[in-house]
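Engineer: Residue numbers (our numbering), protein chains in the order written: chain A, 6 to 489; chain B, 9 to 103; chain C, 36 to 520.
Heads up, a few of these hints could be off.
[Claimed, not checked] So, partial list: chain B residues that the calculated Cβ filter (under 8 Å) puts toward chain A: (1) LEU22; (2) ASP47; (3) LEU68; (4) LEU70; (5) VAL75; (6) SER81; (7) LEU85; (8) GLU92; (9) VAL97.
If you are wondering where the hints come from, they were derived from the structure by calculation, not from laboratory data. The beta carbon of each residue, even a glycine, is placed where N, CA and C say it ideally should be.
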Amino acid sequence: MEKFLIHGEKDDYEIVVGLEVHAQVNSQSKLFSGSSTNFGSKPNENVSLVDAAMPGMLPVINEFCIKQAIKSGLGLNAKINKFSVFDRKNYFYADLPQGYQISQYSDPIVGEGTVEINFPDGATKKIGIERIHLEQDAGKSLHDQHPSKSYIDLNRSGVALMEIVSKPDISSPEEAGAYIKKIRSILRYLGTCDGNMEQGSLRCDVNVSVKKDGDPLGIRCEIKNLNSVRFVMQAITTEANRQVEEIENGNEIIQETRLFDAVKSETRPMRSKENAHDYRYFPDPDLIPLVLTDEYINNIKISLPSLPDQIRKNLVDNYGVSEYDASVISEEKEISDYFFLASKGRDGKLVSNWLTTELFGSLNKNNLKIEDSPISPEQLGELVDFISDGTISGRIAKDVFAEMFETKKNPSKVIDETGLKQISSSDDLIPMIERVISNNLDKVDEYKNGKEQLFGFFVGQVMKESSGKANPKLVNQLLKEKLN
Amino acid sequence: MPIDKDTVSKVSNLARIKINNNQLEKISKELEAVMGWIDSLSEVETSGIEPVANVTGQKLPLREDKVTDGGYSDKILNNAPEKEGGFFVVPKVIE
Amino acid sequence: MSEIVSKTILQIKEGLKKREYSALEVTDAFISASECNKKLNFYNTFTKEKALEMAKTSQSRIDSGEDKILDGIPIAIKDLFCTEGTLTTASSKILGNFIPNYESTVTQNLWDAGAIMLGKVGCDEFAMGSSNETSFFGEVINPWSKVINKNLSPGGSSGGSAAVVSAGAALAATGTDTGGSIRQPAAFCGVTGIKPTYGRCSRWGIIAFASSLDQAGPITKTVNDSALMLNVMSGFDPKDSTSANKNTPDFLKACGNFNLKNLKVGIPKEYQISGMSSEIINLWETGYGWLKDRGADIIEVSLPHTKYALPTYYVIAPAEASSNLARYDGVKYGYRNSQNHLDDLYANTRADGFGNEVKRRILIGTYVLSAGYYDAYYRKAQRVRNLIIQDFNKVFKDVDVILTPTTPSAAFEVGSQQDPISMYMNDVFTVPASLAGLPAMSVPSGLSTNGLPLGLQIIGKQFDEENVLKVASNIEDQAKFPFLN
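With the sequences and hints as input, model every part of the structure.
Structural biologist: Written as structure tokens, this is what we have:
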């Protein structure tokens with residue numbers, strides 16, 4: 006891949022990016038309390054006494070969240086730490102009721118790992134994972150309800166997050182996008198996070214710095230709370246450009262936390278974080294270190310599902326799917342599930358063509374997700390069967406497909422009802438061919454006199470005669486016999 | 009360890025406890041006295057000694073992932089100094 | 036004054052069983068005793084009506100023969116335990132209007148056993164203090180004050196708990212002990228108090244001071260009564276991750292065995308601190324003499340890191356407190372000093388809402404955790420804590436219990452100790468056991484030359500409250516302490 010550079014007025018700059026992905030564990034209840042994680046409830050409805058930090062309330066950890074963090078770590082080829090500690094990160098904020106967030110600092114549950122990201126041209130790159138730790142989410146402040154007040158809803162307070170911290174191995178906005186997509190894909194395969202970025206189940210903080218080739222790392226700025234892949238990519242570009250401009254204007258970059266404003270396409274310092282540099286982490290005395298056994302970790306390991314990289318390889322090696330299609334199909338669990346159902350006992354290559362071109366095209370046009378596809382995997386498979394055994398031509402199949410998509414009918418029914426079945430018997434075709442010949446005797450003469458390019462004309466006429474249903478191969482063969 | 013007024017200011021800001029300027033001197037002297045007394049800890053040889061954060065000798069108890077709590081926003085807001093429409097209310101925060 | 040108030044829990048239980056008096060009469064007697072002692076300022080919140088109501092329920096259970104272990108027993112609750120529907124303030128302005136809608140596990144256990152709540156007694160603000168003087172609602176006065184005609188401190192932080200029992204205004208009281216907050220006031224007020232092993236009583240619903248040290252326990256007149264209260268207060272609580280998943284033995288069975296043969300009692304030489312008064316030394320010697328008389332082996336032991344216990348404690352406890360008290364910010368409950376900016380609201384609310392000692396400890400705690408000081412203070416203290424624990428482990432290979440004075444002096448006059456460090460020195464003998472999470476108990480054992488109570492402390496192995504109680508009941512038996520009421 007070509008190196009991504011920002012071209013300043015004076016120099017070219019590389020960018021160095023590290024990402025912190027906050028992935029909400031898909032648990033029913035919160036990390037340290039029994040209240041619901043349900044999205045969209047009435048304000049302060051999913052709040053327990055513990056979440057509201059009532060005096061004397063104590064945390065008790067949700068085992069499911071521990072297992073999900075381990076699973077995620079294993080899915081990212083990371084080391085699971087058998088000893089981990091829950092620390093308090095101390096700071097004051099309106100939506101942080103305890104005055105501290107329970108997180109993991111020096112001893113996270115998951116250590117170093119790697120993830121391979123994929124590019125459209127089939128290239129890959131390995132990005133290092135620094136760590137994954139479990140932590141509590143904060144509540145939500147609403148600033149637009151009142152001219153001089155902020156409203157606080159603690160429904161999210163205490164929801165379990167996995168913070169997945171990458172190494173600063175990312176060197177372009179595209180890589181950052183590919184990285185998030187891959188992390189999201191892996192977590193969704195693992196079933197540890199629903200990956201829903203609109204609802205905030207997956208959010209990113211981005212650390213960006215720029216430097217000239219060969220220089221040491223520059224000062225980084227952190228851009229908080231980005232909730233779409235597009236915003237992450239835009240924020241990186243915007244921030245990197247800002248830093249280059251600052252440097253070229255002779256200013257120093259100040260390490261700070263910034264917000265990205267997508268409307269103005271700018272980043273600006275986050276005022277609420279100005280005073281929060283000293284978090285005074287220390288082990289939460291209400292909790293005891295978490296000690297895991299090999300057996301506990303292994304039991305989770307053996308239950309891991311296939312992950313996108315394995316599936317992609319399987320698609321290429323065993324199903325004859327192209328590299329590109331394989332990476333598209335493997336990205337989402339729902340798509341690969343669909344593919345495997347549709348291709349059962351069939352030509353995988355053909356199925357993948359129909360899946361990635363016709364079905365994806367129609368789904369996109371109608372703004373549908375694959376889960377909502379009007380054509381079931383079994384139906385798509387059947388359609389492919391009809392193409393493979395010559396019942397319909399590829400061209401006719403497109404019409405059948407369109408009808409299926411419209412009506413949710415089985416392909417056999419569509420073919421029967423509309424008589425779109427391919428005509429593959431000589432008995433049916435010979436009368437049509439004879440009609441075409443007798444209607445075009447002049448052209449036959451020309452053909453016989455050496456104008457061989459007219460052969461295509463006769464094929465076309467027969468196809469027209471058959472309303473496109475004639476088996477083209479047989480038409481060719483029969484025409485040749487008749488004309489020669 | 010001398011504790012100057014700036015340190016007291018910084019610490020009181022971290023702790024969100026307002027200290028009037030005319031109190032800074034007095035409080036820095038008080039803290040300095042206490043910290044001076046605590047400084048005797050530096051005499052203790054602790055190399056190779058693990059820090060102890062808890063004394064239970066137990067394993068971390070784990071909870072099942074079940075919704076067993078919440079659903080009483082009125083109780084949560086009961087003691088709130090200011091509330092409206094089911095929310096806690098604070099002066100406007102600029103992010 | 037009614038004869039009822041000079042009785043013990045076990046005696047009252049007996050009288051209730053024999054129908055000598057009703058639960059209502061008992062409760063009335065203690066309510067009157069409280070009302071006669073208004074100037075001692077026991078209560079932040081006196082819940083007379085609730086007490087009478089609970090007494091009625093108790094009596095109906097007694098009448099139907101379905102009485103529970105503490106039916107008809109009026110007790111006081113330290114104002115640090117959250118009580119549903121009853122003001123719970125931690126003796127702080129910042130929680131001055133806080134009414135919890137939940138009940139702490141320990142108090143719930145007590146109500147489930149039939150105990151009757153007289154009210155919420157005063158304590159040092161957020162349990163930070165050794166004199167009761169840090170309470171926003173004014174200090175409780177030690178009932179022994181009348182002996183020398185000066186206002187004496189009941190000690191702290193559970194000063195109200197010790198005072199109310201000492202005055203015969205409650206049969207028992209709950210306390211909490213972080214560095215000596217049950218034992219020191221018990222000693223000052225001439226009553227019995229036990230801090231069980233860390234984890235024995237649930238911390239759920241108790242307003243936190245220092246989570247790795249806080250532990251609830253009872254204050255009563257007698258050792259038997261403490262054992263009975265502890266039976267009810269203890270037990271595993273799945274809502275507290277540090278709660279011990281252990282069965283509670285019948286602590287009462289450990290009391291009243293006056294044969295101490297084969298029992299080894301350690302006398303730690305480091306507890307003979309310089310400047311300790313001769314009356315304390317005499318008391319200590321008398322104490323181990325009594326145990327020797329009952330057949331115990333007295334062995335001198337060494338706990339070499341003892342002198343570092345207080346500085347260690349004054350790093351760890353404030354560090355945890357600085358974080359535990361961050362939730363008092365004027366947003367969700369409690370006092371608010373309204374301001375136009377949130378940070379001003381925080382800073383003013385906390386400046387007005389907390390008293391000086393609490394603020395001092397929050398500042399110390401914030402300082403020792405802050406960047407640049409964490410290793411030198413907080414981590415260092417955690418390591419020294421380990422050494423202190425190792426000291427005890429070593430000694431407990433050779434002895435069953437350790438005997439020490441509870442405090443270096445008798446109760447002092449209110450207002451007489453202005454310097455924080457000399458105030459902190461009150462806990463010099465109680466803090467080491469707290470840091471190690473060990474059970475420790477103070478038993479009233481004698482009087483000072485001017486007639487004020489002095490206590491001896493028995494420290495036991497982790498989860499071995501039984502030997503502690505056994506030794507305590509021997510001391511009690513021999514001391515024949517002259518209770519006030």
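Engineer: Run the structure past the numbered hints and jot down the numbers of the failing ones, going up.
Structural biologist: 2
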